[in-house]
Amino acid sequence: VRNAGDKRARLLAGGLGAPLALLVGAVLLVLVLPRPTHRQLVATETARWLIRYRLTSSSERLGGRVLHGLCLSSWFQLGGERGRGDLLVLGDATVLLDVRAGRRHLRRVRFPPAVARRLDLAGCPRRLAALVDDSLQSYSPRFVTPAAFAGSAALALRLRHQPYELILYVNPRNGYPYGLRSGSATSTISLERLTPRKLARLQAEPILHRPAAGAASRPKP
Amino acid sequence: VSASVYLHWARSPKGFFKPEFHRFYGVLASWDGVWYERIARHGYLLVPGRFSNPAFFPFYPTLLRLGHLAGSGYTAAGLVLSNVCFLVAIFAVIELGQGYVGAERAEQAGLLLAVFPMGFVFSMVYPQSLVLASVVLALLAAHRRHWAWAALLAAVATLARPEGVFVALPLLAAASSGFRRAAGAERGARIVAVAAAPLALVAVALYFAWTLHDPFAWSRAEQAWGRSFAASGPLHAFTRFSAQLAVHPWLSRDLAFLLIYLATLVLAYRSGVPRAWLVFALLIILVPLGSGSVESIARLGLLAVPVYWGLGSLPPRAVKTVAVCSLGLLIGGTVTLPLAFP
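Going down the list, the protein sequences come from chains A and B. Letter by letter, the first sequence follows residues 1 to 221 of our numbering. Letter by letter, the second sequence follows residues 1001 to 1342 of our numbering.
For the record, the hints were derived by calculation from the structure and aren't laboratory data. No residue lacks a Cβ here, since even glycine has one placed at the ideal position from N, Cα and C. Do not rely on the hints blindly, as some may be mistaken.
Claimed, not checked - Derived coverage of chain A by chain B (criterion: at least 3 residues anywhere in the stretch with Cβ under 8 Å from a Cβ of chain B; other residues may be distant):
#1 47-58
#2 112-118
#3 133-139
Let's have the full structure, built from the sequences with the hints guiding it.
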């Protein structure tokens, strides 16, 4: 009887005990560690959209007028040095360039806030992705909130950005970015496929072929 | 801990840190410790293309959170957990080693583990000491035919660090010895003990699928950290070493430890450590080279248990010399922690 009892105990301990312990371990993880909210996961999808694309087209509404823009996030070769940055071509013929090698500006840029805001509202993909990533890593509960944008339901991502607040509106289901708001200025954005033709056109911008020193912003005549 | 207190007092060398010097144990909670604490505090979040926390396995931060729920701070919970596990691991290495290399050598192995130059990692808010204790205790349990405990401890090791899964190899050797003579129920228990570690790995993938909707979140996060594994990785680890060394001079420390680990495994082989353990140790040391770099091998190799039995098999006079040198290097390693990640 004792042998049979021992056998049964071993069967329970080994055959059932171990899988049960594993199950307890898995349940422990599920119960103890906090789980990201659905909104946080949507925000990570937004970051995924933004690193998948290199080109954004935008329509900025600033002071009652609409300004179209095209922003390329890429590597640029400037004066023999390579750096990563954004090239923004606006409909009023303004071209903005912000290129850095690490933390150092290759084209020294200290945009006045009004100009920097234009770059932000244009939704340059890499620039925006970095802001979304920084905000995600802050785990702030206020980072993602439900909102409406252009009459549609959206999630508002409040990006950690100085010196002004920047809000990115995204599709609440798949995180696709819709638009941006900073103060009273808004823009609608759309991620675009970078075709060889578009790339050639943007790379032909004279600002990319100037000597390294000089202004980064150039209004066309 | 003493070296950490000294750093707090001296506020030097600064390296990348400054806030860590504000607490006397701050440096022991630095580097990956910050990430484990963040997981315990906020949970997981996979940030595409950026350093993010699914690169770290979930069991250790789960214990930190449980410690916090019990009223302790996250860092304090981590420090207590790591140091208690390290103490348990030292005695378990001695106990298990007695059956392989004899009592005297096993005790020498325990002494050298206690003062091992990279051993400061065992006192940090890192899961290394938890995994080391779990791996060795799993085998002790298996040798005493407590298969349920062996399974549980193997699962804990794997849930805490991916290398924990390699414990299945020495467990397989232990379980297959006398398998035919075992009763049916015990056979089942042995099989479960061997399968526990791989099952725990699947459990981690399922957990990430549940929390992040991505069962491969660990591997994606590792890629962002620059650790994507390839068959040609070990070759690149050596062919690209000099170029990598120019950027990160501390890699010389990792290369030195890689050579020390391999040499001590030869000693372990000669002193009769079972082959399954040697294969376990080789996997622990060589698999990370698949990322194409020797980076962090000094830390990752700490889990290669036969290294300590190999060192313990040195003649007693040599052991004393090695122990004194190790202690000096251990103090040096701790006080330079602000300068380079382990």
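Violations among the numbered hints: 2
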